[in-house]
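Peer 1: These protein sequences, in sequence, are chains A and B. Under my numbering, the first sequence has 182 at position 182, and the numbering climbs by one with no breaks. Under my numbering, the second sequence has 1152 at position 152, and the numbering climbs by one with no breaks.
It is worth saying that the hints were derived from the structure and are not from the lab. Just to be clear, a hint being listed does not mean it is correct.
[As the list claims (entries may be wrong)] Under the rule of at most 30 Å between Cα atoms (straight-line distance), these lysine-lysine pairs were calculated in the BS3-like manner:
#  : chain 1 : residue 1 : chain 2 : residue 2
1  : A       : Lys139    : B       : Lys1064
2  : B       : Lys1030   : A       : Lys198
3  : A       : Lys186    : A       : Lys198
4  : B       : Lys1030   : A       : Lys186
5  : B       : Lys1270   : B       : Lys1161
6  : A       : Lys194    : B       : Lys1161
7  : B       : Lys1318   : A       : Lys198
8  : B       : Lys1318   : B       : Lys1234
9  : A       : Lys139    : A       : Lys61
10 : A       : Lys15     : B       : Lys1234
Bear in mind the structure is a predicted one, so any value in this text is a computation, not a measurement.
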Amino acid sequence: MTMHSSRADNHTWRKIMNALASATTFVSALLVIAPLGLIFFHLLANGASSVNWAFFTHLPKPVGEAGGGMVNAIVGSLELLAFASAIGIPIGVLGGVYLAEYGTARANALLRFVADVLNGVPSITFGVVVYGLVVLRFKGFSAYAGGLALGLIMVPLILRTTEEVILLVPNGYREAALALGVARWKTIVYIVMKTASKGIITGILLALARVGGETAPLLFTAFGNRFWNHNLSEPIAALPLQIFTYAISPYDDWHRQAWAGALVLVTGIFCVNVLVRILTRGRTTSAV
Amino acid sequence: MEIATPPAAASLAPRSAAQAMVPPSRFGDKAFEWLTLAMAMAVVLLVILIGWQLWRGSSLAVQKFGFHFLTTSTWDPVTEQFGALPFIYGTLVSSFIALLIAVPLSVATAVYLTELAPLWIRQPIVSLIEMLAAIPSVILGLWGIFVMIPWLRDYPFPLLKRFFGWTPFFSGPIYGTSMLAGGIIIAIMILPIITSVSREILRSVPNLQREAAYALGATRWEVTRIAVLSYARKGLFGAVILGLGRALGETMAVTMVIGNTPQIAASLFKPGYTLASVIANEFTEATTDIYLQALFEIGLVLFGVTILVNLIAQLLLKTLTTTSTTRAVQ
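Build the full structure now, drawing on both the sequences and the hints.
Peer 2: As structure tokens, this is what we get:
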């Protein structure tokens, strides 16, 4: 009899442990997503009132004058991203094609490994390296240097996603094209890459969203600029840089502008992410 | 997914038999293969380039300070004395705090998402965590300065001081910007990556493992504990090390909240400084050659450490993914 009751106790105890584990892990999940909600709330509360027409059309005002905007930083960020794309996309996409289509398994595993390790290198390191390579050599901060730093960060990101989506293309497609006498490179470009194009674009967009918010590699390459950049070999403004400068300044006006800039930047990044979600709809595994 | 008509196929038809016998030129194929190979090799070249550039940029400082650079704590650009110990200390302590907070939360969340949560709630939470991962560091820093720091200063820090003030870690005046705040902001930054990698690891545990435990009458939690977590231990360790790699290199957010003071203090309420932050803050101010060289050397240390940590993480994760072949259905 005693044995029976202890067994029942044991059973209850195990059920309690089970419920406890479910509750604890659920609370953990809530705590993990809590910062997201808080950040969103404060971005809207502090930034929404300063996001107006002037923000998108005016240059920054000097300290003490209210108003002004960040049009130069927004355009600057887009210019930097365009320049970064010119470097990062061809290298990343074609490198990803190599990993998926050519090479020996062993050598490719090594390349993949290096790309993954490179993904973990702090972004500020790229800034330091480009400073040494470009800024010191050409004696000045420039849009080129900033774009190069962002472009190099994009390479391993795009390379890995491109490889993954190209591997998803069924081999039958390749075999069908090759059986028709199509050259291998044409098969890859016109059949395989075309089939995987959605996935490749997804990878590119995610990489752009990632480097679009990067600040550290731009601190001593693009450097920032309070005015329009008329020459790509001159310093250029970027939205994240401007947010940083304004955030650590002692002026309330600038703090408001920083919040507005942050709201615009986050909105831009989330738009890209939503676009990615639409592109990958129906796929069960995400490309990242 | 439609197949484009290959252009070569159309032009094949009208050719005569004799023409068809001529072997097609392999030049295009070779050129394309070499082109893509060159691009793939770019990642290797990039790692070498980074290492070489940092080494070259810091050679004078390496010669002048030698090993003492890593073990002395004076950082004085005026007298040209440079020791990186306070930054190494700050990086290690802030990353350690971050792991202490982020690892239990992330792993528990991953367990919840793969084993315990109702199916309908999984994808929304995963999407939210992906969104958190997409928030730029500088925006987290902005939020840290104006929202998190004042809150920490007013509520949790005084509480910690009241209960744990007798330990050296929570003693002294509370400024807000502090090593602890730096650790907390890094924790928020690395939560998403540890969670998503842990989730992948748990999902790669074969369902047979789970079924065997269920067959013995285990509860859901017991299945998780006995069959899943013990199986995935190595991979989860890899996820943690990967998080450590990100924590060590985290720059903007931590620079904005850690206080940027090169000191080694036991109290976590005191400001600190990290390797990445000192580069971010002082690089453009480095007026003398040796100052710039010292900052390059800090970059070299940071690069070396993160490469090593990431290498270990990737090795731990790779061995796991190659041994587990069956993929659990979500």
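Peer 1: Tell me if the straight-line CA distance from B/Lys1030 to A/Lys186 falls inside 30 Å.
Peer 2: Holds, at about 12 Å.
Peer 1: For the pair we were handed, A/Lys139 and B/Lys1064, check the Cα-Cα distance against 30 Å.
Peer 2: holds, 26 Å
Peer 1: Are A/Lys186 and A/Lys198 close enough, with their CA atoms no more than 30 Å apart?
Peer 2: holds, 19 Å
Peer 1: Holds or violated: B/Lys1030 with A/Lys198, Cα cutoff 30 Å?
Peer 2: With Cα atoms ~27 Å apart, B/Lys1030 and A/Lys198 stay inside 30 Å; holds.
Peer 1: A/Lys139 and A/Lys61 were given as a pair; does the straight-line alpha-carbon distance stay at or below 30 Å?
Peer 2: Holds, because 28 Å separates the two Cα atoms, which is no more than 30 Å.
Peer 1: Need the status of pair A/Lys194, B/Lys1161: alpha-carbon distance at most 30 Å?
Peer 2: The given pair, whose Cα atoms are some 61 Å apart, is violated under the 30 Å limit.
Peer 1: Taking only the CA atoms, is the gap from B/Lys1318 to B/Lys1234 under or equal to 30 Å?
Peer 2: holds, 10 Å
Peer 1: Does B/Lys1234 lie within 30 Å of A/Lys15 when you go C-alpha to C-alpha?
Peer 2: OK: A/Lys15 and B/Lys1234 at ~28 Å, within 30 Å.
Peer 1: Would the pair B/Lys1270 and B/Lys1161 pass a check requiring their Cα atoms to be no farther apart than 30 Å?
Peer 2: Answer holds: B/Lys1270 to B/Lys1161 is near 13 Å, not above 30 Å.
Peer 1: Hinted pair, alpha-carbon criterion (30 Å max): B/Lys1318, A/Lys198. Please report holds or violated.
Peer 2: holds, 27 Å
Checked against the numbered hints above, the structure violates only hint 6.
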